[in-house]
Amino acid sequence: PAGGKAARPAFADEAVQNLLYKMTGLNLQKVFRPVKQELKPPKYKLMTEAQLEEATRKAIEEAKEKLIMPPVLNEREPIDDVLAEDKFLEGTETTKYVFTDLTYSIPHRERFIVVREPNGVLRKATWEERDRMIQIFFPKEGRRVIPPVVFKDEHLGTVFQQDRHEDILNMCIAQFEPDSPDYIRVHHRTYDDIEKRAKYDLLRSTRHFGGMVWYLVNRKKTDGLLIDMIHRDLLDDATSLITLYHMLHPECQSAKEAKEGKLQGVDLIKVFVKTESQKEGYIQLALQAYEEAMATSTAS
Amino acid sequence: ALLAGSRLLKGYRGGHVVIRFALGGCTNRPFFRIVAAHSRRARDGKYLEQLGCLDPLPNAHGERVAGLNLERLRHWLGCGAQLSRPAEKLLGLAGFLPLHPMTVTGAERLRRRRRAQEAVAPPADGSPGPGDAP
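These protein sequences, in sequence, are chains Z and W.
Quick note on the UniProt record's numbering: the first sequence kicks off at 1 and runs consecutively.
Quick note on the UniProt record's numbering: the second sequence kicks off at 1 and runs consecutively.
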């Protein structure tokens, strides 16, 4: 995969986060869309203009909290650390023992979870065993001890056909740790499917949009997203996408030209399209359509 | 309220704190709670504090799950609690205490018994073996 993800700009950098947040958009209707909860009769309030603005401002604050992006981490290294080897215990038991430290005040990452195998070896538990034990003794809401079958590759296809990418990503965040291989696999599969079918709007204004953009920019598959943005007249988002691309791949042709010429807006997009993109024709067409639309709207 | 003859606060003569297994569960389904209690109390009766649990039956992944609250365990050991033999063996297996000598002895005895049985069984199966093993 492309380098530079952890080298210079990381996912958690302020500049990167700002760009991704701007691209996510803030569609209040979608963020506060009715979630399945218990039915309550609607409450109507009579407000002045000032109070309405105040309420909208508070709604925007809460929406910002809901749009905090989940972290993007590298895959975790498998644990295999042997604490003791007692060969003379071989054959006494038939099944292994898993011991979990139940001290309440230690963070889950530092908890001791050891396994005594039937051949007498005392080793630290693997990540899957750790997650299972921690879920058994310290259950978290929305997480199950054995991951649901829906996360297997055969069943993800059904989910994607029903256009429920956002739901499966929310379930994935609740179920797995951010650095587990399952989490990364499900996310990558979802992003690939969205990119294949050009359904970027499903994730816009959710907290997964930033992660998707990061994934696409790292693999240089940004063309579909660019076309989608131009179609929806989101030129600012397009420029921030290209700025992010240049931040992550500073050695490419368009990055150097942009830095020399200090281009802004549509020129930046044109330079990017000429040098980096694969679907040049489509993007040129979209740009032309956009410019014609702008011309007619300003003329009329 | 502590009326005369009340059963809420039982006073014993002698006795000490032990950390042992209290059996719970249903018929043919045992479940142990690792518990700090007075030695004179009933096995499943009122305890001072629960320090963990042990499920002796293997689960779907073939493992016997045990949880130990090591911090509180250390506290009670510091207060002078004693351990029952199965509790010592379990903690030895866990690695918190050194391995119990009876675990080692039990393993040795089992191995010796198995070797004796193997030496007896094959000659009875047909192929003439070297006679009875020592």
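Hints in this document: simulated from the structure, not taken from any laboratory.
Where a beta carbon is used, it is the ideal one built from N, C-alpha and C, also for glycine.
Check each hint, because a few of them may be wrong.
Said to hold, decoys possible - Quick list of in silico lysine to any residue cross-link-like pairs, SDA-like style, CA-CA up to 20 Å:
hint: 1; chain 1: Z; residue 1: K124; chain 2: W; residue 2: G62
hint: 2; chain 1: W; residue 1: K89; chain 2: Z; residue 2: H231
hint: 3; chain 1: Z; residue 1: K96; chain 2: W; residue 2: E118
hint: 4; chain 1: Z; residue 1: K96; chain 2: W; residue 2: L110
hint: 5; chain 1: Z; residue 1: K124; chain 2: W; residue 2: L110
hint: 6; chain 1: Z; residue 1: K87; chain 2: W; residue 2: R33
hint: 7; chain 1: Z; residue 1: K196; chain 2: Z; residue 2: D236
Stated by the list, open to error - Facing chain W, according to a computed beta carbon distance under 8 Å, are these residues of chain Z, among others:
hint: 8; residue: V82
hint: 9; residue: A84
hint: 10; residue: D86
As the list claims (entries may be wrong) - Chain Z stretches covered by chain W per the calculated footprint, using a threshold of three residues with CB under 8 Å from any CB of chain W:
hint: 11; segment: 97 to 108
hint: 12; segment: 187 to 197
hint: 13; segment: 248 to 257
Here is what the structure says about each hint:
no.	hint	in the structure
1	K124(Z) / G62(W)	holds (17 Å)
2	K89(W) / H231(Z)	violated (70 Å)
3	K96(Z) / E118(W)	violated (25 Å)
4	K96(Z) / L110(W)	holds (18 Å)
5	K124(Z) / L110(W)	violated (27 Å)
6	K87(Z) / R33(W)	violated (29 Å)
7	K196(Z) / D236(Z)	violated (24 Å)
8	V82	violated (11 Å)
9	A84	holds (6 Å)
10	D86	holds (6 Å)
11	97 to 108	holds (count 9)
12	187 to 197	violated (count 0)
13	248 to 257	violated (count 0)
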